[in-house]
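Engineer: Kindly produce the complete structure, drawing on both the sequences and the hints.
Residues per chain are reported as follows:
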Amino acid sequence: MGWMRYFRRGHWDEERARELESYVEEETADNIARGMSPLDARRAAYRKLGNPTLIREDIYAMNTLTRLESVLQDVRFGARLLRRNPTFTLVAVLTLALGTGANAAVFQLVNAVSLRTLPVSDPHELVEVRVDSHDRGRTGRFMSRRPMMTHALWEAVRDRQDAFSSMLAWSPAVFDLGGGGELRPAQGIWVSGSFFQMLGVRAAHGRVFTPADDVRGCSSPGVVLSDGFWRREYGGDPGAVGRTIRLDGGRFDIIGIAAPGFFGVEVGRSFDVAVPLCSEPLFRGAESGMDRLDSWFLAAVGRLKPGWTLDRASAHLRAISPPIFRDTLPPTYLPETARSYLEFDLMAVQAHTGVSGLRTAYATPLTILFGVTGLVLLIACANLANLMLARAAARAREVGVRLAIGASRSRIVRQLLSESLLLAVIGAAAGLVLARWLGGFLVRFLSTDRVPLFLDLAFDWRVFAFTAAVAGAACLLFGLAPALRATSAARPTAVLGTRGATDGVEPFTLRRALVVAQVALSLVLVVGALLFARSLRNLTTLDPGFREDGIVIATLDLRRAGVPTESRRAVFDTLLERFRALPGVERASEAAIAPITGSGWNNAIVIDGALQPGIVNFNAVGPGYFHTLGTRFISGRDFTAHDAVGSAPVAIVNDEFVRKYLAGADPMGRVFHWQDPPGREPAPRYQIVGVVENSKYTDLREDLPPIAYVPALQEREPGPSLEVILQATASLPIVTGAAAQMIREVNPAIAVQFETMERLVHESLMTERLMATLSGFFGALAMLIATVGLYGVMAYMVARRRMEIGIRMALGASRAAVVGMIVGEAARLLAVGLAVGALLAVWAARSARTLLYGVEPSDPATLALAVVVLGSVALAASWLPADRASRAEPTAALRAE
Amino acid sequence: MPRRDNTPMQGELLQGTLDLLILRTLVIGPAHGHTIAHQIARQSDAVLQVEHGSLYPALHRLEDRGWIASFWGTSENNRRARYYRLTRTGRQQLAAQTRRWDEIVRAVNRILRPAE
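From first to last, the protein sequence lines are chains A and B.
In this text, residue positions in the first sequence follow the working numbering: the first is 1, and each later residue adds one.
In this text, residue positions in the second sequence follow the working numbering: the first is 898, and each later residue adds one.
Accuracy of the hints is not assured; some may be wrong.
Computed beta-carbon distance windows for the label pairs [what the hints assert, rightly or not]: (1) B:D999 x A:G472: 50 to 58 Å; (2) A:A44 x B:V944: 19 to 27 Å; (3) B:W998 x A:G472: 43 to 51 Å; (4) B:T971 x A:A44: 17 to 25 Å; (5) A:G472 x B:P1011: 54 to 62 Å; (6) B:T971 x A:L39: 22 to 30 Å; (7) B:D999 x A:A44: 33 to 41 Å; (8) B:T971 x A:V75: 40 to 48 Å; (9) A:L39 x B:W998: 36 to 44 Å; (10) A:A44 x B:W998: 26 to 34 Å.
Calculated from the structure, these hints are not laboratory results.
Even glycine gets a Cβ: it sits at the ideal position worked out from N, Cα and C.
Structural biologist: What follows is the structure, encoded as structure tokens:
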């Protein structure tokens, strides 16, 4: 009831006033009856009642949520003060917005990648089933982004387990929407028939798959489109259901559109089309992983039965593992590989937040980004605390007076804090806007055409809670110390408004400490920025052992071209010949694996009957490959057209191979081979005919690995795809246009995809570029804030010491001496900050070691550069107030007091 | 200030006792603040002097709880005055509070005069 009256307080107060008045009337009447004079009677009545206003105030207070009232009052007061200092407010809000915004943006990413639960029914029951290889690694063909299971393993687990009410399997793939010519990629997934039902995802239109859609040997399965793809490609037309879609040249019926918001179970990726798993052989043909026991391409998820826990499921899976692995043992395994395969276990891993390879890939970068944005926030807080201290000093008199006339300390602290809180709230709100933008920028930065990144960055309660926590912590950080300082008891002089000639040292220590902290933390960020920038520079300027400019990689897919295996070589040769004849194409050759695409083929090798340690990277290349890529020969010869099927197996190795396996001895004529597979014909014995310089194989960061090249022409059963490496002199569109035209002429059913080496390099350095860009931006920002902070403190100090400086100059101190004194003071602060910062930086940089390339975390040159840059900028900033002080008329300074 | 007055027993009214006394006074019939204060003083032979500074807040509090209700009326001296009357809940509360008071008095007495 009390709070209801809150809204009619005015009315109630009037009532009380009248009531008290009537009391006084009554009492006065009584007193007159007792014989008092009217005047005395009234006075006596008032004496008896007491102060009516106080009584009314008591009652008024009862009618309110007093605490709230005073908080609102504080906030209103704070808002008024902030309005009166627009510059301060703007600076404070901007700094806070940057601080909280940056943190919220990184958190958004962490949230989207790791914390959000899947938008499916009862996600907490989902677990992923994986193979625990006990760190011995699995062997075979890995044919997807998430190669957790072979098809045989999946079927065995599905049929024999008892822990899950239902299970699903899926595998990502890229399908070609076009009909020959340049590839139009669509992100696809093969899914088991149980996929949608098990996840509880319904169709928005049409229907989703049922187990009846996924039957071994299916020849014309339907497909389900994702909501996003349907809107993009079909404009959201419900009539799309029932039409057909072309995937890798085949026609498939669209049977339904999945519910909006559903992206599958892999976080960070989304699918365009879902196809039943049974159709995998239709797409991959002879390359199908369905019946090959060593082809890892599936991932499996189960839904726990009621009452089953993750641990129980894991124990159950381990218990049924031995027979499952026994029954699915690939016959091609070497005895050693087979032994470790039989020791594998199945295990269950929580999957309510979906599965994602991004989590490990982004773990270190995100942690470091969090550290960076956290530091930025700390620096911003230190700077704001300094500003608040300056304001508190300016308001010392006001606070002193209020304390003197009886305001409680806690009330004033509360009021000063509410000003900080107001700033924090406005800053956080602006920060959220910034976070939205920055989060989008991060996702776009990390997303490429080939591997689009799909993350739901929508704000949820976690983002809000996190931002609120950050803002609250920031508010306490920058607001509490100044508020406590402003109200600390022993400041009677504040009221008197007198100032000593030199001003006390005491209130200054905190400000100095804050500047030292800012400088120290900024140095950490500047060092980090320089380290990342140098890593990126090292990576972009290193010699990868092949040329980047002008190199175009054309991937030709002949699966639909109807070329039988035996005539493929002839078609390849024709294509290569015509590639070489294209205008603007200097050279062309072929390779099984183009460098730094991430693909690989490796094997242990045997030399002189002895199995060698470590593994060797292999590649099958055509004549002219090295010349095309600009990889230099050290000795020996290139492959020729004569190194073909039927001729003696030959190989070219790189320098590292020679150093590692042949101890630098003359490699020409030496022979190596990989281990002979059991029960099949022995592996070819390769004789080394040439040595080339080292080059990168999988990515730019790796140490130069040993590589063995074998002739592509000696491949007896060429696959249905051809990777052509072109050295182009004309611009990319001209080359690809001409090439596409030429390929159509040869065979219109060949699909082709073009890629440039420059883009491959660019994309492979995405993380480095992101870290360098962001840490550079934040490092510069931190430096700016710290410099402004130092400038502010020096300017403030100079202002407070005007009289002292005036006296010094009146007594004959030179301008240089004054400047020297003040700059010297700043230099001392800087020196302490830089020393502390250097220690912090060396310690912090170790966590970034895995992201650095070609530079040590404690690189002295980097550290020195950072110290010099930050030190000189900050010193220059402190010279300004010093110079100003030295120009002041001494008499003016003295007269001001 | 009268709030700091040295009227006998005034400052020593037990917490909640004032509420009880007000409720008891209103059993006889509606009364305004002035009358209530006088009634309490008179009936306690002037031992209990109600501090007016707390009387009005107390009335407000009781009304807030719904134990008493108020209306404007005309006083014996023909002046407009705010009258208070006991509500049904107020009556129940009075009974309950009185019982509670008796218990406390008995308990305190048992301690103060164990021999009797």
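Engineer: Are any of the numbered hints broken by this structure? If so, which, sorted upward?
Structural biologist: none
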